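Enquirer: From first to last, the protein sequence lines stand for chains A and B. So the mapping is simple: this note's numbering equals the position in the first sequence, first residue as 1, plus 141. So the mapping is simple: this note's numbering equals the position in the second sequence, first residue as 1, plus 143.
To be clear, the hints were calculated from the coordinates, so they are not data collected in a lab. None of the values given here were measured: they were computed from a predicted structure. Some clues are possibly wrong.
Here are the simulated DSSO-like pairs of lysine-lysine, each with C-alpha atoms no more than 30 angstroms apart in a straight line [as the list claims (entries may be wrong)]: (1) Lys242/A with Lys310/B; (2) Lys310/B with Lys255/A; (3) Lys261/A with Lys340/A; (4) Lys180/B with Lys369/B; (5) Lys369/B with Lys242/A; (6) Lys170/A with Lys255/B; (7) Lys261/A with Lys255/B; (8) Lys242/A with Lys261/A; (9) Lys340/A with Lys364/A; (10) Lys382/A with Lys242/A; (11) Lys261/A with Lys180/B; (12) Lys170/A with Lys182/A; (13) Lys382/A with Lys310/B; (14) Lys310/B with Lys370/B.
Some chain A residues well away from chain B (every beta-carbon gap over 12 angstroms; in silico) [stated by the list, open to error]: (15) Ser167; (16) Asn231; (17) Met254; (18) Arg275; (19) Gln286; (20) Ala343; (21) Ala348; (22) Gln355.
Short, incomplete list of chain A residues facing chain B, as computed with Cβ under 8 angstroms [what the hints assert, rightly or not]: (23) Val211; (24) Gly235; (25) Cys236; (26) Ser248; (27) Phe265; (28) Ser267; (29) Ser287; (30) Val288; (31) His293; (32) Thr295; (33) Gly297.
Idealized CB from N, CA, C, for every residue including glycine.
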Amino acid sequence: MKKNKRHLSGTDFPVKNDILRALLNSEYKHLRPMLERVDLKLGEIIYQADQRIDHVYFPETAVVAMIDTVEDGATVEVGIIGHEGMVGINIFLGCLVTPDKAIVQISGSAMRMKTSALRKELRFGSPLQRLLLRYTQVLLAIISQSVACSQHHTVGQRLARWLLTMHDHAESNEFEMSHKSIAAMLGARREGVTEEAVKLQAAGLIAYRRARIQILDEAGLKKKSCECYRFIRRQFDGLLKEVPAFLSRKP
Amino acid sequence: MAGTFHPQQNHILDALPQPERERLFPYLRLVTLPLGKVLYESGDTLRHIYFPIDSIISLLYVLQDGASAEIAVVGNDGAIGVALFMGGETTTNRAIVQSAGSAYMLTGARLKEEFGRHGEMLHILLRYTQALITQMAQTAVCNRHHSVDQQLCRWLLLSLDRLSSAKLTMTQELIANMLGVRREGVTEAAGKLQRLGVITCQRGHITVLDRPRLEQLCCECYAVVKKETDRLLPLHPLHLHGEQPLTTRDAWNEQK
């Protein structure tokens with residue numbers, strides 16, 4: 142079925158985003174020319190809170206965190222989106238602006254599409270709509286888990302959970318990350334994060350040098366993490382298993 | 144629980160255009176929800192969607208050890224059971240009645256049939272989902288960064304907005320469960336509000352006496368959630384223009 146001869150302006154395929162790849166392998170082949178690969182750099186803010194969204198992003202090797210901020214600038218991460226997801230679900234929900242900030246946590250590539258192009262595809266009962274509905278449900282589950290996790294679990298558990306999630310997305314065992322930005326994600330004090338990172342390092346689970354974190358013992362980190370890591374994985378694994386069915390089923 | 148109810152006392156049902164109302168309202172069933180009733184547990188398959196009128200339902204995320212955290216409160220501004228139309232069918236939350244009252248109930252089958260008619264219902268529910276996401280995200284950041292005093296104010300205000308009176312049937316222990324904090328913390332915070340003359344607490348009831356003062360004492364989180372809910376679900380959204388968010392339906396029309 143690979144007979145698409147359309148010229149793709151500077152875009153390499155195949156794509157590494159799970160949702161997008163599934164779409165392009167189905168009746169959504171025609172989306173290809175509307176996609177553009179971009180490099181996202183660590184710390185880059187792709188959405189500011191309360192601003193109009195012009196593009197949705199399908200991360201490939203990049204990882205993006207959705208952050209909620211309060212007036213004094215304090216933050217907490219409410220969701221991490223990598224190759225299994227899409228940034229900009231608000232568009233699908235019928236909004237033009239996002240209440241959250243989206244910031245790049247791991248540099249890498251993403252495919253992006255104009256929101257107007259996406260909206261045109263959202264016909265009722267279409268595979269794309271059903272898929273994004275299911276994805277919204279996963280996001281709801283993950284956000285609600287974030288609320289409970291931030292209330293009940295220790296900074297140590299949450300740091301382990303967070304490192305595992307990042308590790309799942311990063312292409313290597315090592316990624317760039319400052320204590321300051323981890324603290325912002327966890328909504329914890331930087332000193333608290335440093336203290337816990339020192340413990341994980343002493344236990345031989347991670348190595349931390351000059352804002353680079355290396356994961357040495359994944360199994361050990363899993364033991365330190367709260368249940369939330371497994372919960373997040375289960376949500377995404379469940380979604381990905383269902384994707385082909387969503388795209389093949391007739392309305 | 145005297146008085147007569149009408150579906151349009153719920154903002155979502157009220158936002159429906161006339162043809163949708165005519166189709167759906169005959170199938171709505173008015174139910175009374177007693178305090179503490181669990182509408183669904185985490186992992187349950189949903190069969191109904193509820194549209195509260197004067198009841199308040201808490202959505203809780205329950206951890207393996209049984210500890211829970213309230214992730215959102217839903218009243219006449221919303222609906223319980225959004226997972227029903229998302230395809231996954233089961234839910235990861237528990238929905239429990241936090242303030243007794245009434246709600247209209249619709250079967251999942253009827254709701255799906257309505258979606259099949261390509262009406263406005265799905266778009267309204269999607270916008271509501273966005274408001275719900277905002278509330279959850281704000282709860283996460285509030286729990287992390289604001290004092291129990293402030294969280295209590297936020298919680299009281301969100302509840303108050305969803306009730307017709309200023310009197311909440313609620314114990315401090317339940318509030319502590321909702322906020323995921325120690326009961327002593329809530330007792331202390333409630334004591335402060337009581338001394339300031341903002342609320343009175345007696346035998347399982349909390350009455351708000353000075354709402355403007357309560358708003359002043361609250362963190363910004365209440366206002367953020369309220370603003371987003373009002374923006375996404377104003378009354379009769381279809382007849383408004385200008386700052387109104389573009390719905391997927393609008394996008395289809397644009398395209399035609």
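Enquirer: What hint numbers does the structure not satisfy?
Expert: 1, 2, 3, 11, 13, 16, 18, 19, 26, 28, 32 and 33
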